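Input sequences plus hints: build the corresponding full structure.
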Amino acid sequence: MAARGAPRRVADRWADLAQRSPAVEAVDALLRGLGQVMFQNNPLTGLLFLVGILVNSPKLAGTGLLGLAVSTLAAYLLGADRSLIRNGLFGFNGVLVGIGLALFLELDLLLGVYIVIGAAVSTVVMMALANLLSTWDMPALTAPFVLTTWLLLFAVYQFSALQPTDLIAPAAPTPEAAVQTDLRELATGSGGLTLANLAHGLFRGVGEVMFEDNLLSGLIFLAGIAVNSRISAGFALLGAALGLLTALVMGADGFTAYHGLYGFNAVLCAIAIGGVFFVLTWRSALYAAVAAIFSVPAFAAIAVLLSPIGMPALTAPFVLVTWLFLWPKAGFGALTPVPLADVSTAEKVRAAHLPRRP
Amino acid sequence: MAARGAPRRVADRWADLAQRSPAVEAVDALLRGLGQVMFQNNPLTGLLFLVGILVNSPKLAGTGLLGLAVSTLAAYLLGADRSLIRNGLFGFNGVLVGIGLALFLELDLLLGVYIVIGAAVSTVVMMALANLLSTWDMPALTAPFVLTTWLLLFAVYQFSALQPTDLIAPAAPTPEAAVQTDLRELATGSGGLTLANLAHGLFRGVGEVMFEDNLLSGLIFLAGIAVNSRISAGFALLGAALGLLTALVMGADGFTAYHGLYGFNAVLCAIAIGGVFFVLTWRSALYAAVAAIFSVPAFAAIAVLLSPIGMPALTAPFVLVTWLFLWPKAGFGALTPVPLADVSTAEKVRAAHLPRRP
Amino acid sequence: MAARGAPRRVADRWADLAQRSPAVEAVDALLRGLGQVMFQNNPLTGLLFLVGILVNSPKLAGTGLLGLAVSTLAAYLLGADRSLIRNGLFGFNGVLVGIGLALFLELDLLLGVYIVIGAAVSTVVMMALANLLSTWDMPALTAPFVLTTWLLLFAVYQFSALQPTDLIAPAAPTPEAAVQTDLRELATGSGGLTLANLAHGLFRGVGEVMFEDNLLSGLIFLAGIAVNSRISAGFALLGAALGLLTALVMGADGFTAYHGLYGFNAVLCAIAIGGVFFVLTWRSALYAAVAAIFSVPAFAAIAVLLSPIGMPALTAPFVLVTWLFLWPKAGFGALTPVPLADVSTAEKVRAAHLPRRP
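If you read the protein sequences in the order shown, they are chains A, B and C.
Take 346 as the starting number for the first sequence in the numbering used here and just add one per residue.
Take 346 as the starting number for the second sequence in the numbering used here and just add one per residue.
Take 346 as the starting number for the third sequence in the numbering used here and just add one per residue.
Chain A residues, not near chain B, derived (Cβ > 10 Å throughout):
1. Ala356
2. Asp361
3. Val372
4. Lys404
5. Leu418
6. Arg431
7. Asn432
8. Leu531
9. Gly537
10. Leu543
11. Pro657
12. Arg695
30 Å max Cα-Cα, derived DSSO-like pairs, lysine-lysine:
13. A:Lys674 <-> B:Lys674
14. A:Lys674 <-> A:Lys693
15. C:Lys674 <-> A:Lys674
16. B:Lys693 <-> B:Lys674
17. C:Lys674 <-> B:Lys674
18. C:Lys693 <-> C:Lys674
Hints listed in this document are in silico derivations from the structure and should not be mistaken for laboratory results.
None of the values given here were measured: they were computed from a predicted structure.
The beta carbon of each residue, even a glycine, is placed where N, CA and C say it ideally should be.
Here it is in structure tokens:
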């Protein structure tokens, strides 16, 4: 504990400032919103996430911050519960809307307006789903982001004022087509199961949670998680590894695997189920691993379903799989669900819920 | 009040008759069913809606009345709550099923059978959704119509006994295709942002709520709403204007905009949120405007999603957007939701819920 | 009753054994899981269903048993309620996952792993939906099978380690294409409304509930139902007949009709609504018939929706239509819903709920 004294004092000082200054409080809420993308209610995590985005793309950092600010502001203006806003629960969908729209649509003045509307609507959808799901004490996850961004993206073919980027490419599936399984980068095309390629596939998987196709971003994101919860950081890495491994075993497309696209949903499933929404035990760890593995066919399936209109799966596989694995709640005696009001770091949840040994 | 004495007396006399004569009561319930398509529980509104359909298409009026009668009769036979039936809540989906099927399928004897089955099933779906949504005191809106009609329409490719009209045209989306943005009529092709073309786009947007691609129908529908609620008529017009304007700003297809297809979902969103399900305040008015604007990308998105099978979005964008904007309920302090049991005209709701000034 | 004495004694002896021997208890639970595919909580029904599958395809019997065992085992390991497991409620989705995946994917070592994962996940989804639907006391039906199998099947285009069979054939719908309405077999092509062809269409409709495209399988399945409930067997036959008849009237594809594909969803709708989840009266029988008829366009619609990616509707039409027809619950005075805790054979439900005549 002694070694952690200095960071702890900085954190306490920041919390103190946030209570006295509305400006610091707002910055704190925004940073927590960034951290909440991976269930980390911690401003330092959020700051590191921002750094991780910046090293890959200042443009995406900018549109992400726009989305973050607008969705949080919308929550204030609509009179949402202040403590929810302070914990960043109206920010994480907004930041993803901002990044997601800017990745799939060409930069344009109207794109800014589009992000503003999307981020504001993501706050409405967040409150809608929070109310709907409260019947079962279930979390909305990133469903507000997925739903809002899908509607805005699908529409783009009908609007001449916005242009899709090259990432949008409709193509009906063909059963005969051979899948290119060599693990390789899109640009250089250097392939094979090398250590470097595997490292890229692994850490880009963490980076892609926020659409950052970058090994360094992934590493910084992991560090950001670790400052708040080493368990969650471990499960993020485990999820990325299981996602990549499952994709390789199934003979999935090697470009897609290299760029981490089979990893990011697995990362989120693993964090959510491994300690956040179920108390961490070896049983829930195994359960989280199965969810992470299942997110791989789920991602492929949603990609196929959307392939005739060329649209991305976003984090829908994570939302769907995690909902399916969480909804059993107390129905499985082997697992202990965490009430939403008690959700905190995996460490604190474990300490609070597990019976202490005498 | 004095000026409104005569119509009031006619209305009272009608209500009196409806209580004494089962035949008049049935006609009253059917007319209210027509009015409920736009949330107006008023037989005169329903009568004017019928006139509005008739001036555009006697055929659609006929199939609409068939659907209306069958869905209401099904509710009686199944033993649904009588007061719900009397308020037209089992009629509005049926009338839309009748019109929608006849617009997208060629007239045929089997089409009649198809409408009868669809209208009856819409009553089952209405009760199913009413029960499902009662958990959150949420309205079913026109979801029963959308769901039932989608199933019956999608099936048409598999049935040689029914033929789709030219409005059904499958086409996979292509990112490169240019959108024709000139505001113009399908038939003559005369285009441009003229006052006449804008008027067509605006009022056809109201007309298209009941599939009537006709300026005059739109005007009569507006009059029909206004006899029951001037606030709702105002929001209908506001919705149509916002839908058209948003489509023009986004550079949407000019044919589609001219024919009111970017308007009808916005009209319904604006009426529903602007005074009916939230108490009218300047805040809820602004909220309704955002919903109306968001219905434009939502309509385009659902149209794109269904484009590979060439099927219409119907009022699904309205249902989806309005559900998303209503489900927050009391979660937003800036808005006052109206319990379903208290839903009435926007004027009465406002009078009952707003604190009176001394 | 005297004539039924011998079978009754065998049944009692089996129940006795199941209580004393864990091995027999496990076999009993697995057989009930097979029977629950058609709502029959009876080990003898399950045994006959297994025979029905075997006469058509030992391969599908094998993969079905694998799925059955894994999904039931997963429920034990996860600590699900023992009485639910004993009643086969975690088996029926697993057996369908095993058969469904093996029908649409080529046999392969990885297919075995795929079935194991799918069957285990179907148990998770079953518990998720059971918990979700408990809010309305609604059954999950075969939704866990449909959802899990769809995700695993859709993904196949992305995985080179698995190959789809010829049954997977993407094709965008075309409004002009003529439907081949002659009732005929795929292999020989001998067509026409002959008694033999009608019998094939009818009984294969029952067989296809478990993907068995075989007249004899259908007959054995009917016998399996009849040993537990003659009412359910009657409704299975009624559903198959209504499905086939509706398909013929609508001019549906004759191959599809011959092979029972318009029947299996109708069979399940008819059994579920005709006596199992609503007390059997002449009104609920009529209601079940309408549901069975409506399942025909619902099947065609879902097939069309999935045609661009070439994927099968599975029992989604049954799940959707039955949910829509059950969700009204007590909202229709003409029908008496059966609480899930009271669901048994149609005969017992009728005896318990109908007022006895003095």
